[in-house]
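Trainee: Next come the chains, spelled out residue by residue.
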Amino acid sequence: MWNNPVLRKELLRYKLRNDKSARIAGLVITALFLLVLYLLTGRYILFGASQSVAYSVWQVIMGLQFTAFMLILPGTAGNIISKEREQQTLEMLLFTPLSSAEIIVGKLLSSLLLFAAMLLPLLPINILIWARLIAHSTHYPFIQFFQTYLTQFLIGYFILALSVFFSNLLSRSLYAILASYTTLFGLFCIGTGLLSGLVPSLVWLNPFVLFFEHSLAENQSPADVLSFTMALFLLTLLATVLLAVSIAKLRKPVQGM
Amino acid sequence: MAMVELNNLCKVYKTGSDTLTALDNLNLQLEKGDIFGFIGPNGAGKTTTIKIIATLLLPSAGTVRVNGVDALKEPGRARGFIGYMPDFFGVYDDIKVWEYLDFFAAAYKIPKDRRPGIISDVLELTDLSVKKDAYVESLSRGMKQRLCLAKTLVHDPPVMLLDEPASGLDPRARIEIRELLKELQAMGKTILISSHILPEMEEFCNKIGIIERGKMIVEGDVKTLAQNVRGYQSITLTVKANAEQALHMLQQMPELVQTPSICAENHKIAEGSLQMPRGCTLQFQYIGPPEEEYAVLQALVQAGIQVRSFFTPETDLEDLFMRVTKGQVA
Ligand SMILES: Nc1ncnc2c1ncn2[C@@H]1O[C@H](COP(=O)(O)OP(=O)(O)OP(=O)(O)O)[C@@H](O)[C@H]1O
Ligand SMILES: [Mg+2]
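Line by line, the protein sequences give chains A and B.
Following my numbering, the numbering of the first sequence begins with 1 at its first residue and continues without gaps.
Following my numbering, the numbering of the second sequence begins with 1 at its first residue and continues without gaps.
Bear in mind the hints are in silico, worked out from the structure with no lab data behind them.
Hints are not guaranteed to be accurate.
As the list claims (entries may be wrong) - With a cut-off of at most 16 Å between alpha-carbon atoms, the simulated EDC-like pairs for lysine to aspartate or glutamate come out as follows: (1) 182(B) / 34(B); (2) 207(B) / 18(B); (3) 144(B) / 113(B); (4) 15(A) / 99(B); (5) 15(A) / 93(B); (6) 207(B) / 31(B); (7) 14(B) / 24(B); (8) 249(A) / 102(A); (9) 96(B) / 156(B); (10) 83(A) / 93(B); (11) 15(A) / 121(B); (12) 132(B) / 94(B); (13) 144(B) / 124(B); (14) 132(B) / 121(B); (15) 15(A) / 34(B); (16) 109(B) / 99(B); (17) 83(A) / 170(B); (18) 109(B) / 102(A); (19) 131(B) / 94(B); (20) 144(B) / 93(B); (21) 32(B) / 156(B).
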């Protein structure tokens with residue numbers, strides 16, 4: 001996986017350039033933000049407030065983080081292939097012996113890694129909260145900590161695969177990004193809600209429902225666990241199918257032009 | 001075995017209800033070491049042909065073989081023999097020059113330990129060694145063009161397809177590209193190069209083909225072509241003395257020579273060479289059998305005329321181009 005040339009190239013491109021001052025400024029701002037956050041919340045959550053308040057703070061942090069990703073991810077990956085087409089580098093990329101799978105998977109992995117990196121800054125505070133929660137009672141199941149991350153990661157995978165799919169299908173980055181947002185929010189969030197009158201279980205395909213109603217819920221009803229798992233599995237499967245279609249289509253438009 | 005072989009290649013573009021025949025039964029055969037100049041007016045079908053050879057476009061009919069491999073049946077294998085430089089291309093400009101080349105070397109599955117050697121070789125060849133650690137973004141257009149050429153060389157392909165590699169470059173950068181092509185020629189590569197800059201092509205192409213509206217109008221060796229198309233070959237002659245007598249003799253050979261004349265100005269054979277004094281240079285059009293123009297020289301020498309030079313000036317490809325093409329677009 002690490003030898004995928006496309007992945008390595010994309011990672012190189014994330015690297016901030018020559019501009020040392022920009023890099024340092026970025027680091028300082030991030031560090032300051034985290035410091036303030038940790039100072040404001042840390043002492044209070046860890047020692048002051050009650051268990052349930054700490055738990056609520058964790059819910060808010062995770063909820064905000066999840067919402068932020070829902071808004072950001074389609075934009076970050078929506079141009080990943082169409083950009084190559086727009087800057088006229090795609091033809092030369094397709095001319096190399098790299099397989100279509102290597103190209104698509106390399107592109108997806110690079111955005112997945114960026115996503116994983118964005119999960120890191122808030123990880124310590126979440127760990128600290130949970131350390132307190134489980135140290136003092138057995139009311140809060142530790143497994144929930146992992147479950148939220150897994151859910152978040154799989155939904156992220158779904159959104160990125162959807163964006164890669166549109167990025168390959170539509171030749172313009174703008175259209176690809178718009179299509180990703182429209183499908184995610186229009187179809188999977190609003191559409192499933194409208195159709196749930198007919199097929200109630202469809203609401204489970206809404207990532208917000210999955211995350212807020214189940215993953216973050218204090219008392220996860222055992223009856224829902226099956227629906228939740230099924231829905232998550234379906235989204236992951238759908239993402240994988242979209243990737244497979246992208247791989248099959250990657251070299252087609254050029255050949256059949 | 002031919003390195004590139006096109007048989008009855010046809011390409012029809014369909015846009016809505018319109019159909020456009022971009023290539024019409026095109027045939028071409030290039031041997032190892034051939035430098036083929038592919039010339040034609042805008043929209044003639046050069047890029048279409050090159051893309052089909054590069055397996056990036058499917059022809060409507062016909063066959064393509066590259067180094068003996070059927071490019072339609074085994075596009076992946078055929079691509080391995082080809083270095084392709086598109087007419088319009090972009091570069092990843094947010095990485096360094098060597099990282100850019102390393103990416104393509106890795107894409108060609110060249111083992112990691114061999115890559116640095118190859119990268120410095122192609123940088124050397126394209127005169128970009130000093131820019132190794134520069135960001136691609138900081139290169140000038142001519143340098144980017146050479147970088148793209150360097151990239152097409154990482155897997156040492158025997159066949160190179162260059163679609164207008166010198167377009168949009170200043171005269172100096174064009175000369176640099178030309179020098180580079182000469183080096184590739186010396187390495188024994190088969191090169192197909194499309195261009196509009198005609199005088200450059202005749203200097204290093206051993207074959208040219210002129211295409212118009214998807215049809216190859218003429219194809220072959222530059223000089224023979226010129227004579228076939230024009231029906232004559234112009235020859236310049238310098239004598240030590242007795243120009244008048246030489247002129248008189250030439251006028252006596254109407255079956256071989258037409259419109260002989262003495263040049264009025266000083267004549268320079270080539271840049272920097274000695275100037276022939278005024279009144280000693282004659283020009284005429286040879287219309288006899290091809291490759292037997294020596295008969296004229298022989299006759300002059302036998303008549304005691306002291307001939308200092310006898311040569312065919314550079315063929316004027318531009319003139320040739322204007323004669324065979326009609327300026328029609330497909
Ligand atoms: N994708 C396409 N769809 C429809 N028609 C096309 C397409 N690409 C090229 N053509 C048409 O095919 C003909 C040949 O085009 P091509 O690009 O091969 O010409 P060219 O010889 O490379 O011209 P130029 O010197 O301008 O680069 C043109 O008439 C062009 O309009
Ligand atoms: Mg062209």
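Trainee: Each hint: holds or not?
Mentor: A quick look at each hint next to the structure:
{"no.": "1", "hint": "182(B) / 34(B)", "verdict": "12 Å, holds"}
{"no.": "2", "hint": "207(B) / 18(B)", "verdict": "35 Å, violated"}
{"no.": "3", "hint": "144(B) / 113(B)", "verdict": "26 Å, violated"}
{"no.": "4", "hint": "15(A) / 99(B)", "verdict": "13 Å, holds"}
{"no.": "5", "hint": "15(A) / 93(B)", "verdict": "13 Å, holds"}
{"no.": "6", "hint": "207(B) / 31(B)", "verdict": "10 Å, holds"}
{"no.": "7", "hint": "14(B) / 24(B)", "verdict": "15 Å, holds"}
{"no.": "8", "hint": "249(A) / 102(A)", "verdict": "13 Å, holds"}
{"no.": "9", "hint": "96(B) / 156(B)", "verdict": "22 Å, violated"}
{"no.": "10", "hint": "83(A) / 93(B)", "verdict": "13 Å, holds"}
{"no.": "11", "hint": "15(A) / 121(B)", "verdict": "27 Å, violated"}
{"no.": "12", "hint": "132(B) / 94(B)", "verdict": "14 Å, holds"}
{"no.": "13", "hint": "144(B) / 124(B)", "verdict": "15 Å, holds"}
{"no.": "14", "hint": "132(B) / 121(B)", "verdict": "11 Å, holds"}
{"no.": "15", "hint": "15(A) / 34(B)", "verdict": "44 Å, violated"}
{"no.": "16", "hint": "109(B) / 99(B)", "verdict": "15 Å, holds"}
{"no.": "17", "hint": "83(A) / 170(B)", "verdict": "29 Å, violated"}
{"no.": "18", "hint": "109(B) / 102(A)", "verdict": "12 Å, holds"}
{"no.": "19", "hint": "131(B) / 94(B)", "verdict": "14 Å, holds"}
{"no.": "20", "hint": "144(B) / 93(B)", "verdict": "10 Å, holds"}
{"no.": "21", "hint": "32(B) / 156(B)", "verdict": "14 Å, holds"}
The structure does not agree with the numbered hints 2, 3, 9, 11, 15, 17 stated previously, though it agrees with the rest.
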